[in-house]
Amino acid sequence: MTSGDLFLQQLINGLNLGAMYSLLALGFTLVYGIMELINFSHFNVFMVGCFIALGVLKLMGMDGQAVILTGLPLIGVLLVTFLITMFSSGMIGVGIERLLLRPLRAVTGPAAMILTIGVSYILFNVILIGIGGDTRNFANPLPTVTWNIGGAVLRLRDVLIWGITVILMLGLTYFVQFTKLGKGMRATAQDPEAARMMGVEVDNVVGLSFFIGSALAGASGLIFGLYYNYAKVDMGFSAGLRAFTAAVLGGIGNVPGAMLGGVLIGLIEASSSQLIGQLWADVVIFSILVIVLVFRPAGLLGRQAPNKS
Amino acid sequence: MASAIITLINRPFAHWSQEKRQLWATVLLAAAFAIYPLLTDDDANIDTIANAMSYATLALGLNIVVGFAGLLDLGYAAFFAIGAYYYGIFTAYQVMPPWSEAWAPLAFLGLVEKINQGGPDLVHFTMSFWLALPTGALVAGFFGVLFGAPTLRLRGDYLAIVTLGFGEIVPILARNMESVTNGAAGLNGVKGPTLPAIKAIGFGGYSFGVDATPYYYVGMGLVALLIFSSIRLRDSRIGRAWMAIREDETAASAMGINLRNFKLLAFAIGASFSGFTGVFFVSKLQVATPEMFNFSVSSMLIVMVVLGGMGSVWGVVLGAGLLQLLQTWILPQTTNVLHDIGHAINSDMLVAADLVQWTQMFFGIIIVVMMLFRRDGLIPATRAQPKLEMEEQHADVKRGGFVNVDRIEKWNPGTGNALEIKDVTVRFGGLVALNKVNLTIPAGGVVAVIGPNGSGKSTLFNAITGLVTAEGSIKFEGMELIGLRPDEVLQKGVARTFQNIRLFPKLTVLENVLIGEHCRLKTLPFGAIFRPPSARAEEQGALRKALDIIGLFGNRLTPRANHTVSGLSYANRRRVEISRALASRPRILLLDEPTAGMNPNETLELAEQIAELNAMGLTILIIEHKLDVVTRLAQSVTVLDHGDVIAQGSADEVQRNEEVLTAYLGRAHRAKIEAQDAAAAKEKANG
Chain Y
0 MTSGDLFLQQ LINGLNLGAM YSLLALGFTL VYGIMELINF SHFNVFMVGC
50 FIALGVLKLM GMDGQAVILT GLPLIGVLLV TFLITMFSSG MIGVGIERLL
100 LRPLRAVTGP AAMILTIGVS YILFNVILIG IGGDTRNFAN PLPTVTWNIG
150 GAVLRLRDVL IWGITVILML GLTYFVQFTK LGKGMRATAQ DPEAARMMGV
200 EVDNVVGLSF FIGSALAGAS GLIFGLYYNY AKVDMGFSAG LRAFTAAVLG
250 GIGNVPGAML GGVLIGLIEA SSSQLIGQLW ADVVIFSILV IVLVFRPAGL
300 LGRQAPNKS
Chain D
0 MASAIITLIN RPFAHWSQEK RQLWATVLLA AAFAIYPLLT DDDANIDTIA
50 NAMSYATLAL GLNIVVGFAG LLDLGYAAFF AIGAYYYGIF TAYQVMPPWS
100 EAWAPLAFLG LVEKINQGGP DLVHFTMSFW LALPTGALVA GFFGVLFGAP
150 TLRLRGDYLA IVTLGFGEIV PILARNMESV TNGAAGLNGV KGPTLPAIKA
200 IGFGGYSFGV DATPYYYVGM GLVALLIFSS IRLRDSRIGR AWMAIREDET
250 AASAMGINLR NFKLLAFAIG ASFSGFTGVF FVSKLQVATP EMFNFSVSSM
300 LIVMVVLGGM GSVWGVVLGA GLLQLLQTWI LPQTTNVLHD IGHAINSDML
350 VAADLVQWTQ MFFGIIIVVM MLFRRDGLIP ATRAQPKLEM EEQHADVKRG
400 GFVNVDRIEK WNPGTGNALE IKDVTVRFGG LVALNKVNLT IPAGGVVAVI
450 GPNGSGKSTL FNAITGLVTA EGSIKFEGME LIGLRPDEVL QKGVARTFQN
500 IRLFPKLTVL ENVLIGEHCR LKTLPFGAIF RPPSARAEEQ GALRKALDII
550 GLFGNRLTPR ANHTVSGLSY ANRRRVEISR ALASRPRILL LDEPTAGMNP
600 NETLELAEQI AELNAMGLTI LIIEHKLDVV TRLAQSVTVL DHGDVIAQGS
650 ADEVQRNEEV LTAYLGRAHR AKIEAQDAAA AKEKANG
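Going down the list, the sequences are from chains Y and D. With the first letter of the first sequence counted as 1, position 24 gets the number 23 in numbering that gives the first Met the number 0; the numbers rise by one all the way through. With the first letter of the second sequence counted as 1, position 108 gets the number 107 in numbering that gives the first Met the number 0; the numbers rise by one all the way through.
No wet-lab data here; the hints were simulated from the structure. Note that the structure is predicted; figures quoted are calculated from it, not measured. All clues stand as given, with none of them false.
Non-contacting residues of chain D with respect to chain Y, defined by C-beta distances greater than 10 angstroms in every case (computed):
no.	residue
1	Thr25
2	Leu105
3	Gly191
4	Phe202
5	Gly208
6	Ile226
7	Thr333
8	Thr381
9	Asn403
10	Gly482
11	Leu523
12	Ala527
13	Arg543
14	Pro558
15	Ile645
16	Ala674
Below are the DMTMM-like pairs computed for lysine to aspartate or glutamate, each with C-alpha atoms no more than 25 angstroms apart in a straight line:
no.	chain 1	residue 1	chain 2	residue 2
17	D	Lys421	D	Glu479
18	D	Lys409	D	Glu537
19	D	Lys521	D	Glu537
20	Y	Lys231	D	Glu290
21	D	Lys625	D	Asp643
22	Y	Lys231	D	Asp353
23	D	Lys505	Y	Glu35
24	D	Lys421	D	Glu658
25	D	Lys409	D	Glu476
Even glycine gets a Cβ: it sits at the ideal position worked out from N, Cα and C.
Model the full assembly from the supplied sequences, consistent with the hints where possible.
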């Protein structure tokens, strides 16, 4: 492989990672935008989503790489898996919001954020105790169709991941920009009290943002499974932290920012693994987080500084 | 239930003072822990308690950062790792650079030794445990400052995520930097502590080895030391500054607290507690691996602090003890019971159950339950509010100024101008909030600033006190204030109150006023912990002064000195805020709508008190909407409208100013004044 091919290959890998981080970052950004809450439970909603997808595929008879599908059956299986995973993850998010966070909505200080750390722990241990801590093989029904671009390899999997991500993002953008509920959401993010007085049902909006964010986390978990071909109970922590970094990099609370930040973090991860070694990728990403927060806390696309008093 | 038991236990000792009861309870508790190893021969129990003590020390350190200063640090285990690796590296056999004569001086000091394992000569570090304890604390403290510095500008929740990142990076570094840390395999064979032989008293030296008992006593000493330090810090100038930052950063800064220094101090002291514990923990386990310090340790410490009560010293110790009890006793024992039941009723599920696996699940449940139902923890840091007697509750509106005013030192206002504001402009983006404002306040005078809402009055105060950046010049007694931080402005003698009262809500009246004295006190951490006579005298003087200031308002505040301010009436909170400002011993006092929300009688009472302060020599700049207060107090009135000064002069003059009438008082009032004037003119003509 020439260095140009290597670059291209890392670009492909980076875009896959970026797709995953973007979807996950959207959940952080939606909830933060509306409630100014860093939702630590999001880390493990993502992980649980990956396990739900694994379970759904298993129920449909997919296990390991034994079953390869093509054509309509493949589309059908993927569609069903995505829909069930996203809906179930979304409902977990709604449950967390309605049962645990709503009573704390009026409480100032870090209580709600600390609570989400506890919820994250509970989700983690539900999977750890219920399913186990070992690495699970994630079923992959995709045929190994590849295209060679110079020395780099583009797989069907990559194209599929990008396609799904773009569809989800376009859908979200349409929803936020052009629907009545989306308008309510944007209004609530600006000023919940004013939105409430203008007739926006803030409780529904908050619940909805948790549903959408968590559903996207579920989709992200499924993409993780398709990309890495495994699921493991501790996968949420490092992916979540990277996605959060992505949300901050793009400007937290900002929907296009989360998408951009996710892709950038994916590319940075892929290229730093390539250039200075996998071992140091985390160090690079957390350094970016600190540098962005210190020098440009509003992120690349954000307008509002996060440390308003 | 719990309180009923406490009452029952307390009954025979009811005639003792609370301090005496607390002292004896502490002594008994310490004695019980001291004799416990003599009563049991089960080394495992002693070991478990010694581990619990390590966690208690860590939780105490985290409590300083999270509980006192309100800085949510999710990567606290990083400092634990730094202390542990510091001691590990300097005693283990994994890290041995080649020997050269340059090491000879250190060998002479006993810090290194030359060893030979059948190759070239190597250096083996042999740092003493007793030297590593304080130096490990210093090293961790240094990293605390290093990690803390870039994150201090961030809001609390961002700090959480950045510290989480730091907490993740440090174990990664420990894993990756193999030449220093031996990578993922970790350091093992870390030396246990030894006591050197002292011939004079016939002591032959002692090596700790694997027996848990000596570690138990060292751990107990560490816990005692850190509890003592925490309590001393909490009840000092330092602790009050941290709590002020936790409650309201802006107000803390305006009350003279250097935010940067005190946040870094919290980080450094918290980190050094952790480094201290790291040295101890590693000497006990005699290994250090990267896995010992990952996020699960940090989050377990958060659980301890949350369970016990953020900011509550005894609470976090209890939290650490309970969690250790849960992990090492309650869950294994319950598992055994489940197994017995399972065998009895032939339930395979119960026989296979292992609750120890559920430890972290319980951590999660504890956090959620505590946050939902008992956010202040098992032992809340806020103390019970003393009840008020009937006559203490009842406050008559008192006319004629302050009570016991002779206890307060008078001011010497000096001559000339106290405050000279020249061409001050403040912009928020495209909006000009103040436009080349000029204003002079003569020493010993009272100047009022009036103007419609949004005219820039509070922005003017914010510009003077350094809360917003301004162009132009603001000179206080000849010193330029623009460019200074709010705490520096207060230090110079300019104190303020806020329009929307910014007290420290969870602190008591007395604590709020003592925070006002912060900039006039000098105690540093060492003085706060060890309380030399000078620090003790300073603290007592500060307390007396604070009580004198609170006493100015008679029985309005004095009986409530130990009440948290969040429970006070609106008017009383205004009085506390004025007291807090006075406690900084200002030379000029900036009052932002001090009588807002007061009824007419209370307004009059406060107006007379402000007048009395002025009569005592204090220069005053006041924003006020109530014109009777303005006319009663101010020698000169400045009117702002849309950031411009539209009139200046005596109260009477500005009330008749055309522009003021249109901008501020409205046309109806203008018509009324004109009618009055016409009537007066007519009377004059007739008379």
